[in-house]
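J.: The lines below spell out each chain.
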Amino acid sequence: MRKLKGLAFAIAEAIDQEMAHNERLVVLGEDVTYWGAVFGFTMGLFPKYGRERVVDTPITEQTFMGMAVGAASVGLHPVVSLMFVDFCGAGFDQMFNHMAKNYYMSGGQLPMPVTVITAIGGGYGDAAQHSQVLYGLFAHLPGFKIVVPATAYDAKGLTMRALADPNPVIIFGHKLLTGLPFLPFEGEEEEVPEERYTVEFGRAAVRRQGQDLTIVAAGLMVPRSLKAAERLAQEGISAEVIDLRTLVPLDEATLVASARKTGRVLIVDEDYMSYGLSGEVAFRIQAGALRSLKAPIQRLAVPDVPIPFSEPLESAVIPSVQRIYEAARSLVGAQALA
Amino acid sequence: MIKPEPSPQDLQYLVAQAGLDADQLRRAYRQLCLIRSFENLIANRYYIGKTPEFNMAAGPIRGEMHLAVGQEAVAVGVCSLLGDGDAVVSTHRPHHHALAKGVEPKKLAAEIFGKASGLCHGKGGHMHLFDTSRHFACSGIVGASFPQAAGAAFAFRKLGQRNVAVAFAGEGAANHGTFAETLNVAGLFQLPLVVVIEDNLYADSTPKWAALSTVHHFQRAQSFNIPSYVVDGMDFIDVYRVAKLVIERARNGMGPALIEAVCYRYRGHFEGDAEEYRTREEVERWQALDPIPRLRERLKTLGWADEAILNRLQDEAQQEAEAAIQFAESSPLPEPQEALMGVFQ
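Chains as they are written, first to last, in our numbering: chain A, 1 to 338; chain B, 1001 to 1345.
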């Protein structure tokens, strides 16, 4: 089978294959033509479909998000690039007060098939306004489905699934998993079918089986957790690693089953610590697996500070393989609950 | 070039009209050279560790890098009329504005290198440079400068200070809602605000023709009853004479203004940009309008500087920029635990 490196081409291929047979798909956003939305999610579409269907917008997030809402309500399926998720602030009203709510508020009248694709994450020195993850912000709002692929296979299949969804879906592609030559790459080359396929929402993937603890992660934190699990294995600690794949819907069943099996849970998140993914996942796990837990659920996330620029500062706040390893180790060593 | 090159006699008339003397013009030349040297040295250091394979995370300067080579005259033409108490809010391409506003080159360079001795102790980086002693700020978010400068202008008037605020932004940002919203508020409240649109023809990779329904910005500001001017942004003197007029008016309570400065960036949107969206020939055509040789020739025409003086000014600027880079390179990185401090006062 054909091998692919990274999410970017996989997502672009999914859009291409859907555009080829769905005339209603149009791509909107900044730099989506020559630059493939900078992080490659729309690369190759402009030469094939031209400016009629691949539309560079002015730098007007509020307006192009609003245009997506309007276009979706009368029959198009806009695929919108939000270049960096950090730029959501400039278009957020149209997203959270309209895109996420119009279907519900209209009593089911207004369709909202919109797919937003955005680049997330730090680790390459782009500082506080270009390194955030922020999926928790969107997951908090009822009305968005939240997709966070960690592999190229999932990226293609989940994008295909998003493009067939009648609801707003936001795909968060981590920059260090895109596979583009100008950024570090922490993923792996993998086999990705050339034909169309979908990966269902709400199904977490158990990336590694284990007995001693469960590590829950999404996006870049998945390969980092897997690397940490390898080191733990060398010390005889068997870690199960779960890749959430979608935050909304969230696969509670897989999480709870794993927590019941291992009794120890570490949640690893690149978003800010408080009021976000880690707290939500912990809540759902304890609700379903409290009696099986041998220790309080632990979490590792960005410790409620903006992402600083300088390398030693940035490294201190984004969870690393080393810190995942340390947190997992201390959790396994923790006293069992009375 | 949007205006013809003046004859020697007309040049004397123009500089007299602008109120520029020999000393000011020589200083402006040195400033232009300082910015050019600084940007070229940053470019040079940025590629350390990034060649032959370009990896944004590698080398002594990480992340994106947006340089302003070619756009120096806009920054110096406007900022040489400002004092420390006047506010400037800049963009993701901020070095030329910072240097022109008087930000200490050493601290600026150190921040770009992420060092503890930098303006923001390494927390900000190249797109997030802040210096309250010079009332200088910037943002990596397009369109963010307009309302923040308007806010500073609003405060100056409330506080009874005779200061002005300047918002710099590119023509891409002029499509942002904040541009129109700010112009409306500034016109309504008659704020001491000068909006400077540095129109370099490209928003990232998107050419102006693909993103603007009109080629000009001044018309849009005029629709908010704001006096507006188009200047040759590759000509220090042209920028200066209009900036002087509008800054003095704003300072004297006569309200806001917009300057549309037509200019060009010689380097890519960011370093590593393959520039598929424009031709080499176009870049070369604009090289003929390089603001530094243009001002150099004019200084000679005016008899205000000879080759020896001009070379000395250029050398001084180069040395100052080199000293800044050396300071940055030899400064220590911040301690990791600093990352967790400073969210609140």
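Since the hints were made in silico from the structure, they are not lab data.
Accuracy of the hints is not assured; some may be wrong.
Stretches of chain B that chain A covers, calculated by requiring three or more beta carbons in the stretch to come under 8 angstroms of a beta carbon on chain A [stated by the list, open to error]: (1) 1061 to 1068; (2) 1140 to 1151; (3) 1238 to 1248; (4) 1253 to 1259; (5) 1326 to 1337.
DSS-like cross-link-like pairs, simulated, lysine-lysine; straight-line CA separation at most 25 angstroms [unchecked claim]: (6) Lys1106/B x Lys48/A; (7) Lys261/A x Lys294/A; (8) Lys1050/B x Lys5/A.
Footprint (simulated), chain A over chain B, 3 or more residues, beta carbon under 8 angstroms [stated by the list, open to error]: (9) 1004 to 1012; (10) 1048 to 1055.
All residues carry an ideal CB built from backbone N, CA and C; glycine is no exception.
J.: For each hint, tell me whether it holds in the structure or not.
T.: The hints, checked one at a time:
1. 1061 to 1068: holds (count 4)
2. 1140 to 1151: holds (count 4)
3. 1238 to 1248: violated (count 0)
4. 1253 to 1259: violated (count 0)
5. 1326 to 1337: Held - the stretch 1326 to 1337 of chain B has 5 residues with a Cβ nearer than 8 angstroms to chain A, which meets the minimum of three.
6. Lys1106/B x Lys48/A: Given that 25 angstroms is the threshold and the Cα spacing comes to 48 angstroms, the pair is violated.
7. Lys261/A x Lys294/A: The hint holds at about 11 angstroms.
8. Lys1050/B x Lys5/A: holds, 21 angstroms
9. 1004 to 1012: The restraint on the stretch 1004 to 1012 of chain B is violated, since only 0 of its residues have a Cβ under 8 angstroms from chain A and three are required.
10. 1048 to 1055: holds (count 3)
Hint compliance for this structure: hints 3, 4, 6 and 9 are not met, and every other hint is.
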